[in-house]
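Protein chains: 4
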Amino acid sequence: MGPVTCDHAGMSSETETVTTPAGVVVPDRIRRVASEAPLRDVMGGDARWEIPVHDHGFVALVDAMPRLIPEGQTADSAIVQAARVSYGAGTKKVNEDRGLIRYLLRHRHTTPFEMIEFKFHIAMPIFVARQWIRHRTANVNEYSARYSIVPDRFYRPSVENVRQQSTTNRQGGDESIDVGTAEEFLKLLEDSEALYSRYLDLTEKGVAREIARAALPVSVFTEWYWKCDLHNILHFLSLRMDSHAQIEIRDYATAMYDLIRGIVPITCEAFEDYRLNAMQLTGLEIEALRTGKPLASENRRENAEWEAKKARLGLE
Amino acid sequence: MGPVTCDHAGMSSETETVTTPAGVVVPDRIRRVASEAPLRDVMGGDARWEIPVHDHGFVALVDAMPRLIPEGQTADSAIVQAARVSYGAGTKKVNEDRGLIRYLLRHRHTTPFEMIEFKFHIAMPIFVARQWIRHRTANVNEYSARYSIVPDRFYRPSVENVRQQSTTNRQGGDESIDVGTAEEFLKLLEDSEALYSRYLDLTEKGVAREIARAALPVSVFTEWYWKCDLHNILHFLSLRMDSHAQIEIRDYATAMYDLIRGIVPITCEAFEDYRLNAMQLTGLEIEALRTGKPLASENRRENAEWEAKKARLGLE
Amino acid sequence: MGPVTCDHAGMSSETETVTTPAGVVVPDRIRRVASEAPLRDVMGGDARWEIPVHDHGFVALVDAMPRLIPEGQTADSAIVQAARVSYGAGTKKVNEDRGLIRYLLRHRHTTPFEMIEFKFHIAMPIFVARQWIRHRTANVNEYSARYSIVPDRFYRPSVENVRQQSTTNRQGGDESIDVGTAEEFLKLLEDSEALYSRYLDLTEKGVAREIARAALPVSVFTEWYWKCDLHNILHFLSLRMDSHAQIEIRDYATAMYDLIRGIVPITCEAFEDYRLNAMQLTGLEIEALRTGKPLASENRRENAEWEAKKARLGLE
Amino acid sequence: MGPVTCDHAGMSSETETVTTPAGVVVPDRIRRVASEAPLRDVMGGDARWEIPVHDHGFVALVDAMPRLIPEGQTADSAIVQAARVSYGAGTKKVNEDRGLIRYLLRHRHTTPFEMIEFKFHIAMPIFVARQWIRHRTANVNEYSARYSIVPDRFYRPSVENVRQQSTTNRQGGDESIDVGTAEEFLKLLEDSEALYSRYLDLTEKGVAREIARAALPVSVFTEWYWKCDLHNILHFLSLRMDSHAQIEIRDYATAMYDLIRGIVPITCEAFEDYRLNAMQLTGLEIEALRTGKPLASENRRENAEWEAKKARLGLE
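Protein chains in written order, with our numbering: chain A, 1 to 316; chain B, 1 to 316; chain C, 1 to 316; chain D, 1 to 316.
This is chain A alone, in the form it adopts within the complex (with noise of 0.2 Å):
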């Protein structure tokens, strides 16, 4: 590609190139400043980290930014470098990184974690993926089975991993069911699979993909390219990594938590002081708390809800 030149749209054209000693041509207007301290490999020079899930999926981090950083420091680096120019010069010497991370993700000033960004390839099941995408800040490029003969390859949990409907919350339920109910629904996903094969005998007879898809069922394994900002990605964990999230989704979550908590050891470590292992007190609560009289609501949940917190308190 030559210069600019884009005379109807009055750009001044830049006509001027110099080659930098990795072999970047960049316009000659350019001012490079070179890195204070040797870089290193957040990755460790490895294209991708990934951790299997399931029998058939796997999250796997294929890119960080940052990506070089300098030696003694972790990815945390580039949070701290993005607040300092919030809070100005006069911050630098006053708190140390750790301290600031801290305090940022404490009182939720958020921004400074959006400018670290994760890059995953990942393959799960569909009615996972149906959960995930509700997570709308990520950029996304998902395999396309209007395109693509979609792979054999299905969702099957273990005998123990198939649960029983809580009767005391309306979301799944954590426990097993009994062997023979667990048994019969087994053999009701493999006759869901046994189609498959028909699928694929009618894509080479002709059926167009897009339509052709439509037998298969949500158990059925996609995948796709998810890249997001380190704010959204914690948003997200601790929505997915919680005990309420369905546990087939969880399981990425966690396995998305591991790739990440090598690479950003501080932000994480706030992360579970600040988030995943805290509480909110209600204003009820709050009151409740210092005046030792009940809650003032006649709300049943919310009262249990209160009990547990006292609970986990060590209070009563």
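Among the clues, some could well be false.
Simulated pairs of lysine-lysine, BS3-like, Cα-Cα distance not exceeding 25 Å [unchecked claim]:
#1 B:Lys293 to D:Lys187
#2 C:Lys309 to A:Lys293
#3 C:Lys205 to A:Lys309
#4 B:Lys293 to B:Lys310
#5 B:Lys310 to D:Lys293
#6 B:Lys293 to D:Lys309
#7 C:Lys187 to D:Lys187
#8 D:Lys310 to D:Lys293
Derived from the structure by calculation, the hints contain no laboratory data.
We have chain A; now place chains B, C and D onto it with these hints.
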């Protein structure tokens, strides 16, 4: 609810309220400004407008903003109201409303179109929902197959609508496949639907809904409330009413367009002139047209696109 | 506008229309469903509700979605309508509306709150607008100082409202400064405002508005239409009604809250109980409370925060 | 940080870790996949690339994702990597990378371009920042005039760059105004800047920074970190490198483009061919061209636009 007294937050508390003639309680520091003209409901007092799609689906308009507009106007007037604040008072006499709206849309001044909002209730197959949800600017509340039993509704195309895979275009196809193969495919769908009774039976035996649904095919229906501003609705429609979109989602998009056309007619007319029926000429095509030379590209597909555009323009 | 006939896009064209009793033209494939109960306007037939802020500013509510609601309900009902689609028909009898809304807000099920939309017209100083615009989920149309002359309106605080810099908190301060310094500052503002007549004069001599405005101080007023869903409005309010927010934007946020309180009263009550008046306990604080030991942190600020929380909880 | 043990959340805890050759600690369930080809840094080992803009401003590229790419490739390869997951394995042989990237950009398949991310550090006048911030998809950390003293840097145009208001175009103007008026305007700017010493003096006397800054003109500089994906950067550039954009922001946009051109050269070439140098023909214009009749519009401006397009196309 009493007055706001969040003293810890340093807010000034508001203690006085008044009740409006319509029975609405408002703090008495609110100045109420009456409408100059009588207002009419753009939906004519209805609760919803609905268009059936396929056997079990529908697109229903359930609300619009603005809902009440002065007599003699259309909801397009909200675009003009917002644009006038950008352009300042001086512009009021110069442009008339229709000309302004057309100018804004032609020149992609998109923000005034974001001032109009529509809310829909939609029922559609999961494979359509999965294409739809990729439009991230909308607000969505979807039926939860974790909480509730999925109803017995499946998408089944007509025999003519079982398309064959296009050989020139990897995205689907518009031609019907032979009747024999189509019927074989419809039998496959029937067999995938037949698993539903076992899904129902197993949930009655206590299998958690969140896991039981794994056996259901992506042809099963889901539903959601979907709320979006007009600019992003038009973007959605321009992609999903397009001939490259899968026919099934095109049917929904066309129904949505029919629902809003009577409410924002000036915008829709401009949308057809400047978006739906428009054509992009690339820099290479402009050069070819200007000089009479062949397209400066050896890419076969790019040349075919240029030939198609020339045909549509009546050139050569 | 006639019927859609975008044949190149492969759309099925719609040729028949009907005119509703209210004079709205709709394609005749639309099924109109009448409201079960008479509808009332949540704004009582008014064009706008306005609260003056400072000398020249205001927050005006210009529209709401839902605007029309069944007699006997509040606009909160739109949250319930959307949540019911998620939870399915079975839940209808179990929960009553207020309990459901409180549950949703307490457990951060945020999407149903996105189904309500408010539109405001606001006039505020540029330095306030610059904080405000950081909330990215809203739709905004701002007065353009490129197109139009900026009117002669500037923010000037009262003498008491000229605060001194806090020594413990780098964010502003709440104490007034001595009267002499305050008056010196007000004189500075007066001198910055006095440049306005030369701005006006130079634009009359032909200097482009886009460049002439460079001399105006950030205390000058701008205005915009600002449209946002209720979930994101509550997020905005929780940050901008907070005691750490700058007083000037807090005044606008409080006015906004007053405008919506009468329209979504159930949500606002829950917002106060579960958000405004709530408190977060960190993992370290939970542990300290449970064990009676000191906080496991040597960070001075974190310890001070814990002391403040204990005081508010009536502990020690 | 130790292993995750958030037992209350039901997560499986990870107890084993390993240290990679690069000193990164990772849970031992991570499978590390080495790169096939040696990796090179797209920024050639530099900490930043910077282009000065105006007297005090700059656009600096501080990071890119991907930062490390296989020898012999450009960062464009991340687009191809993501697109391949959509199109499936079968496409690998068919298209070559450049053709695929050009196809994606020509047909507005935008999501693969979101897989590339750039981070910039920018210093610019407030009136430029206010136009810039309207692009909502970026992540931003701005210097805070609440926390810190605003440095003494102001935008002052050259005499030639003091434009006169266009009479045909309400957006700014490109012609210089007479020297006398220009110098009168520069004197106005000088006087607005002279207030700075009193701002500084008053903050030293204790006036809170958040309120003291109200006297500063919008020509004063601010700075921020700005991180955005390539798709949205191209959208920003297409609007802000355009001849209708204010010259001052155009200078920044052009600098940004120069910084990324060497890193994603294939995309930038396609961007010029299919976006910057492209032309939209409306439905009315297509009809006029096809039939040889006049444009079916009486709008003066629309006709003028058509004449300009015909001239550029060499028609008539």
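We went through each hint and held it up to the structure:
Restraint check for B:Lys293 and D:Lys187: not satisfied, since their Cα atoms lie roughly 54 Å apart, outside the 25 Å limit. Among the hinted pairs, C:Lys309 with A:Lys293 is consistent with the structure: their alpha-carbon atoms are about 19 Å apart, no more than 25 Å. Distance hint between C:Lys205 and A:Lys309 is unfulfilled; the C-alpha atoms sit about 70 Å from each other, more than 25 Å. At roughly 13 Å between alpha-carbon atoms, B:Lys293 and B:Lys310 fall within 25 Å of each other, so this suggested pair holds.
For the hint pairing B:Lys310 with D:Lys293, the CA-to-CA distance comes to about 17 Å; that is within 25 Å, so the pair holds. Taking the CA atoms of B:Lys293 and D:Lys309, the gap is near 19 Å; set against the 25 Å cutoff, the hint holds. Pair hint C:Lys187 plus D:Lys187 holds up; C-alpha atoms about 21 Å apart against a cutoff of 25 Å. Annotation: proposed proximity of D:Lys310 to D:Lys293 holds, straight-line Cα distance about 13 Å (limit 25 Å).
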